[in-house]
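J.: Here are the chains, one letter per residue:
2 protein chains.
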Amino acid sequence: MTNMKDVAREANVSLGTVSNYLNEKKVRPDVEERIKEAIKDLHYVRNNAARDLRTNGSKYVVFVLPTVWTPYFSELTYWVQKGLDEFGYKAILCLSENQYDQEKGFVDMAEEQRVAGIISVSYSNLTSHVHSKIPLVSIEKEDTGLFPLVSSDNYSGGEIAAEEFEKRGVTKYLFIGADHISSKAMTARKSGFVDYCNRHGLNYLLDRVPSSHHEEEFDEKLSSIVQRIVDDKSDYGNLGIFAYTDEVALKLYEKFLKKDIKIPDDIQIIGFDGWKLSKDQHIDISSIRQPIKDIAMMAVKELDNQVKEDGSDDVPRIMLPVSFFQGETTKLI
Amino acid sequence: MTNMKDVAREANVSLGTVSNYLNEKKVRPDVEERIKEAIKDLHYVRNNAARDLRTNGSKYVVFVLPTVWTPYFSELTYWVQKGLDEFGYKAILCLSENQYDQEKGFVDMAEEQRVAGIISVSYSNLTSHVHSKIPLVSIEKEDTGLFPLVSSDNYSGGEIAAEEFEKRGVTKYLFIGADHISSKAMTARKSGFVDYCNRHGLNYLLDRVPSSHHEEEFDEKLSSIVQRIVDDKSDYGNLGIFAYTDEVALKLYEKFLKKDIKIPDDIQIIGFDGWKLSKDQHIDISSIRQPIKDIAMMAVKELDNQVKEDGSDDVPRIMLPVSFFQGETTKLI
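Chains as they are written, first to last, in full-length UniProt numbering: chain W, 1 to 333; chain S, 1 to 333.
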């Protein structure tokens with residue numbers, strides 16, 4: 001690539017003169033003209049990586065997350081990137097597929113490259129691996145208590161799901177969770193639902209499905225739950241199913257429709273996350289919607305605070321409210 | 001952040017000795033021990049950004065694309081990141097929302113930061129703005145002819161859609177395109193469909209909808225198309241609709257279902273893209289599937305070739321085959 005020396009040679013001036021010009025120091029008008037022309041002819045582009053290093057102001061933020069290929073994570077990535085952009089940062093995207101080794105590698109890379117900071121969504125104990133004073137904000141989970149955490153209120157999400165069912169005449173409550181609880185957020189959703197039912201004397205059942213990564217087992221188990229309900233029929237009109245993710249809720253919805261069950265007349269379903277396929281397109285599932293934009297913006301703001309207030313001991317734990325989205329799987333009231 | 005000077009002070013050795021140790025030159029064993037301990041105590045992390053600069057080997061690749069928040073772009077981003085990772089690069093994610101100014105800004109940034117290269121998905125004339133010799137690979141569109149292009153075969157996608165309808169007894173063919181054709185790829189889909197119909201003496205119609213960014217107008221126009229077909233009824237059993245994206249196909253499917261039209265018995269629908277909600281989850285639409293993984297991997301491979309063969313004049317134009325995905329909106333044959 002063209003460097004300053006090439007420009008100096010082309011303009012027939014010294015390297016120091018080119019440097020003065022680039023650093024906006026005074027240069028003779030005719031010399032300035034020659035340098036400008038040389039820069040244009042050679043398509044010279046200034047090396048800002050070097051300048052950033054000297055001024056100690058990297059503008060890169062490493063964003064670690066499991067994947068970008070689900071509606072939830074693609075929306076989150078969209079807003080994190082927008083937020084970083086507003087604050088003048090650039091996102092380096094690091095997908096971990098929930099592999100701790102990958103996550104560690106990203107953190108090491110971030111430290112070695114002296115990036116401005118890290119935003120992470122990790123379901124392992126990633127933050128316990130971070131020793132340096134690099135600014136870091138965690139989304140959804142942070143167990144060391146040493147780094148800021150931005151999450152949404154999963155517990156009250158569970159409560160809201162039960163409450164919305166109650167308003168819609170549900171008398172039998174079913175929670176479908178995961179075989180392996182992968183995060184406290186998931187547990188909190190269930191606890192909120194169960195606690196609401198207990199407090200209000202409501203009749204509830206719990207069921208579990210394997211992770212959707214095990215596609216066949218997942219599908220089999222979900223089909224058997226649907227078949228049980230269809231065979232029984234006694235729950236028609238009374239049953240509300242709260243699924244721990246929109247993915248599970250959507251699959252349930254499809255399976256019931258294929259069995260000619262009327263949704264939401266016979267059975268009502270609420271998911272969790274509030275997936276949108278894209279900025280303009282909701283899916284049909286009623287759901288507890290996470291405030292994804294707010295989570296992203298808050299994480300960026302906290303990170304920027306940390307970058308600017310180097311050495312602050314403040315470790316905020318921010319919990320943002322969730323809300324109910326009325327889709328087509330719960331009755332209109 | 002801790003620097004080499006801190007380590008030297010802590011270990012009570014000179015800066016040069018620390019430098020020698022870090023660059024794997026010979027150091028006295030007891031001195032080595034002291035430096036190791038100092039590094040551990042101070043959580044010293046080496047500054048690789050500086051080293052990368054000296055060795056002229058940035059490992060960052062700027063990935064410019066309109067958004068990450070649609071199933072198509074989130075899958076593409078997933079695979080591009082995977083591919084870059086395999087080749088030892090890191091992706092800097094730059095979302096343009098189709099704004100040319102944003103795209104130009106990203107390219108300028110990439111040049112200034114001396115990144116390894118750029119992968120871009122741009123529907124404007126972005127590549128005409130790129131003057132420097134920075135390695136760049138374009139996905140889907142590249143009009144200057146100066147940079148490698150990786151795309152999928154949109155034209156034969158249109159042909160395949162018509163052919164699959166023909167196999168399934170369709171006698172009336174409807175193409176739904178966009179009000180404003182935003183890319184040659186979209187035009188090619190239509191041309192392939194129309195050419196196939198003409199070659200085979202098939203009866204076809206063309207219709208258009210506004211971009212889904214104009215949510216209300218889009219929805220209104222689509223509803224009126226659906227209503228027209230429902231009122232007429234004469235096309236039941238004969239009609240095949242090829243929508244220019246899965247987004248349009250999905251909306252059509254939902255609208256027909258709500259009118260109690262039987263899909264695929266009464267009407268068959270084929271979309272374009274082959275959206276998946278996540279790695280494990282297809283949507284129900286029959287569709288012409290783009291080979292997203294192959295597109296991503298090929299783009300990364302071409303970029304790596306360019307980085308390594310600095311100054312090569314080869315400008316490959318790679319067109320990858322598309323395929324038909326049998327969902328629930330076309331008859332089983």
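If you're looking for bench data, these hints aren't it; they were derived computationally from the structure. Cβ coordinates follow ideal geometry from the N, Cα and C atoms, glycine included. Where hints are given, some of them may not hold.
[Said to hold, decoys possible] DSBU-like cross-link-like pairs, simulated, lysine-lysine; straight-line CA separation at most 30 angstroms: (1) Lys259/W - Lys293/S; (2) Lys331/W - Lys82/S; (3) Lys59/S - Lys104/W; (4) Lys259/W - Lys184/W; (5) Lys259/W - Lys331/S; (6) Lys82/S - Lys276/W; (7) Lys293/S - Lys276/S; (8) Lys233/W - Lys184/W; (9) Lys255/W - Lys5/S; (10) Lys255/W - Lys59/S; (11) Lys279/W - Lys233/W; (12) Lys5/S - Lys331/W; (13) Lys5/S - Lys104/W; (14) Lys262/S - Lys167/S; (15) Lys279/S - Lys82/S.
[As the list claims (entries may be wrong)] Beyond 12 angstroms from chain S on every Cβ pair, some chain W residues (computed): (16) Thr2; (17) Lys5; (18) Gly16; (19) Lys26; (20) His43; (21) Tyr44; (22) Val68; (23) Ser74; (24) Leu257.
J.: Now tell me if each hint is right for this structure.
T.: To see whether the hints hold, each was checked on the structure:
no.: 1; hint: Lys259/W - Lys293/S; in the structure: violated (34 angstroms)
no.: 2; hint: Lys331/W - Lys82/S; in the structure: violated (42 angstroms)
no.: 3; hint: Lys59/S - Lys104/W; in the structure: holds (18 angstroms)
no.: 4; hint: Lys259/W - Lys184/W; in the structure: violated (34 angstroms)
no.: 5; hint: Lys259/W - Lys331/S; in the structure: holds (19 angstroms)
no.: 6; hint: Lys82/S - Lys276/W; in the structure: holds (24 angstroms)
no.: 7; hint: Lys293/S - Lys276/S; in the structure: holds (12 angstroms)
no.: 8; hint: Lys233/W - Lys184/W; in the structure: violated (34 angstroms)
no.: 9; hint: Lys255/W - Lys5/S; in the structure: violated (65 angstroms)
no.: 10; hint: Lys255/W - Lys59/S; in the structure: violated (46 angstroms)
no.: 11; hint: Lys279/W - Lys233/W; in the structure: violated (38 angstroms)
no.: 12; hint: Lys5/S - Lys331/W; in the structure: violated (68 angstroms)
no.: 13; hint: Lys5/S - Lys104/W; in the structure: holds (26 angstroms)
no.: 14; hint: Lys262/S - Lys167/S; in the structure: holds (19 angstroms)
no.: 15; hint: Lys279/S - Lys82/S; in the structure: holds (13 angstroms)
no.: 16; hint: Thr2; in the structure: violated (8 angstroms)
no.: 17; hint: Lys5; in the structure: holds (14 angstroms)
no.: 18; hint: Gly16; in the structure: holds (21 angstroms)
no.: 19; hint: Lys26; in the structure: holds (24 angstroms)
no.: 20; hint: His43; in the structure: violated (5 angstroms)
no.: 21; hint: Tyr44; in the structure: violated (9 angstroms)
no.: 22; hint: Val68; in the structure: violated (5 angstroms)
no.: 23; hint: Ser74; in the structure: violated (4 angstroms)
no.: 24; hint: Leu257; in the structure: violated (9 angstroms)
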